[in-house]
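Number of protein chains: 2
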Amino acid sequence: MNQTTLELSINAAARREADEPRSPVVTLDRPLQLESGSTLAPLRIAYQTYGELNAQKSNAILVCHALTGDQHVANLHPVTGKRGWWSTMVGPGRPIDTDRFFVICSNVVGGCMGTTGPASTNPATGEPYGLDLPLVTIRDMVDAQAMLIDHLGIETLFCVAGGSMGGMQVLQWAARHPDRVFSALPIATAHKHSAQNIAFHEVGRQAITADPDWREGRYLVEGATPRKGLAVARMAAHITYLSEPALQTKFGRNLQDRDARTFGFDADFQIESYLRHQGASFVERFDANSYLYVTRAMDYFDLAADAGSLANAFMGTKTRFCVVSFTSDWLFPTEGARQVVHALNAAAANVSFVEIATDKGHDAFLLEVPELFATTKGFLDAAAKTRGLTRL
Amino acid sequence: MNQTTLELSINAAARREADEPRSPVVTLDRPLQLESGSTLAPLRIAYQTYGELNAQKSNAILVCHALTGDQHVANLHPVTGKRGWWSTMVGPGRPIDTDRFFVICSNVVGGCMGTTGPASTNPATGEPYGLDLPLVTIRDMVDAQAMLIDHLGIETLFCVAGGSMGGMQVLQWAARHPDRVFSALPIATAHKHSAQNIAFHEVGRQAITADPDWREGRYLVEGATPRKGLAVARMAAHITYLSEPALQTKFGRNLQDRDARTFGFDADFQIESYLRHQGASFVERFDANSYLYVTRAMDYFDLAADAGSLANAFMGTKTRFCVVSFTSDWLFPTEGARQVVHALNAAAANVSFVEIATDKGHDAFLLEVPELFATTKGFLDAAAKTRGLTRL
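Chains A and B supply the protein sequences, listed in that same order. Quick note on numbering: full-length UniProt numbering labels position 45 of the first sequence as 45, and the sequence is numbered without any gaps. Quick note on numbering: full-length UniProt numbering labels position 227 of the second sequence as 227, and the sequence is numbered without any gaps.
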């Protein structure tokens, strides 16, 4: 072992101890009643917390993660070793300030980072559920989170915040548990999945189920992994997370480690190499069946249909909302955010709306976007003042 | 055989005779010099013609087809039995009027409808080429077409017209053979493929090559077909051909033949059913390796890089241009058409530019868009007058 390798090992060990705690997991006795009519028991929920809950239990912020995110918001990720997906947003002195707020994030039901999902053991068979797991919805994800919040003894969340599918959960929380949500910060999201959104998800699911190593969903039992199918699904989805101008600026038609085109099918272009890398690395950390379940939950999301109208979904709410969209986000465009804002207005809710100019596309909610940070900090500061929250 | 089946058979037979001639195929003695430096011989070109060539041979219009199109512009398609892909545009009394013009369309080199492509027999082995076919480019497609035009004894084309990849060929024709193109009608196209365009193509190629039935490209020799991979590729691409508003209007979140969601992975939504159908039917008529070759040709297209600048590519041209784009085309947006127009202006070319307002997306060039028909007819009429073409 040379010096560099040794240092890396020491660093890795230190990192594991300092920053990569195994997520606490709570196993809940009560079954989760699912929207489909099925029940799920036992329900395990894996989560992370940051900061301290105050004596009044009034400073808790629930962060909801997106499709391929997880509970590792602000610590090093135990699988990838990378910084948490919202470590720019959440931490001491950050917009979601863990010196001030108690931040909770749990892996969604249907996920693959410790919460019950298709890779979990089916108590009826002793084998992984696979497709025998009942389908879950955004509402089911939120109800599971509510059970966790009960378990933590928290009555009302100071804020529920999240982007993309996380934003769907924010909206669902506000609609389903209005008295438990003091403020809500839905970012880069919509109250329903569009036809184009569903179409891209369906391509991803078809790519996974086309892989013979998917084995009709039984790959874990049979010792296989549908790597290629899952990688293709990730590649297709990844394009939708980036804006065309961002792709143009970042990659354009630049060649990858070569001076000229090879007149073949290698990754001549940087964008090809980048996408292949995205696909390959995703497979290392995500479960293919979870991808099916969680994409399906997003497709099924339609708050307006559930409540008769979107305004109905929020009627009488006391929650304070800040709705955020990004100009270059073509997956969840500003128009969708505007529909939510109009419905909140119709429901006489307290709502502010910020459309942030950026070329970073849908992924902007995960990136260093100063206006997003300023908006978040300003909204939370004002809400904290209204709630009488002083610094710890 | 019942009555209906009998009638269908009779109709099919009649159709075969009347409207579905086998395409003429010319085998050219001279090898095709490819941009890669390789040569291709023998070169077979399958093509269709409509209308009559006048005595001066001055009324020929070359139509260039798109990625998954072919030479069957205006006759019933021999495989699908459907009307040709541009039968609304090309025919007696149509905007490209076969009572007046002699219309030619050939299957591109690398294609799979009779022109030499990866499914053709490699004379060196007696087996299908597969990946042993040298890579072809848009320039190679145009040079093959030029050899066909030579073969037909036509010196100058009255017009070269096409959409999408067909439009790339139009631009390449004008840049490479300026003296042979009296007028050019590039529609819904660009002078280079963008990073996002390449990205979507790469997803399609990865889907195909991930299919174990692709057999490293040797599926024809080994008696397999990478159906699932090709279907996924088609599904992903198909989304990019439609605008989000069109998808919303046509499908929205409508369910397919059911009253409620099934809480499963069936095609609950119409958009899912539609995409699955698109994938499944495409596989019946297209060769997977051709999809790899032809997408690659598009990715490699960059007229500006070839000529130092886009204006250089057209400098001194006498060709009359009409550049057409569609407002809702996000695959080949108006911005790309505008770049072509600016370059043509810089090259002091005769150019008109029409951006057509439609919600039909990229596919608009294939659909009934009255403004496209009027633009085409007007442009061709004016060019015919300039060229002194009278009605036959």
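Please keep in mind that the hints were generated in silico from the structure rather than gathered at the bench. One should not assume that every hint holds.
Note that identical chains are pooled: a pair holds if it fits in a single copy or bridges any two copies.
[As the list claims (entries may be wrong)] DMTMM-like, lysine to aspartate or glutamate: derived pairs with alpha carbons at most 20 Å apart: (1) Lys-250 <-> Asp-302; (2) Lys-377 <-> Glu-52; (3) Lys-318 <-> Glu-368.
Keep in mind that this is a model prediction, so the values were computed, not measured.
When the hints from earlier in the document are held up against this structure, which numbers fail? 3
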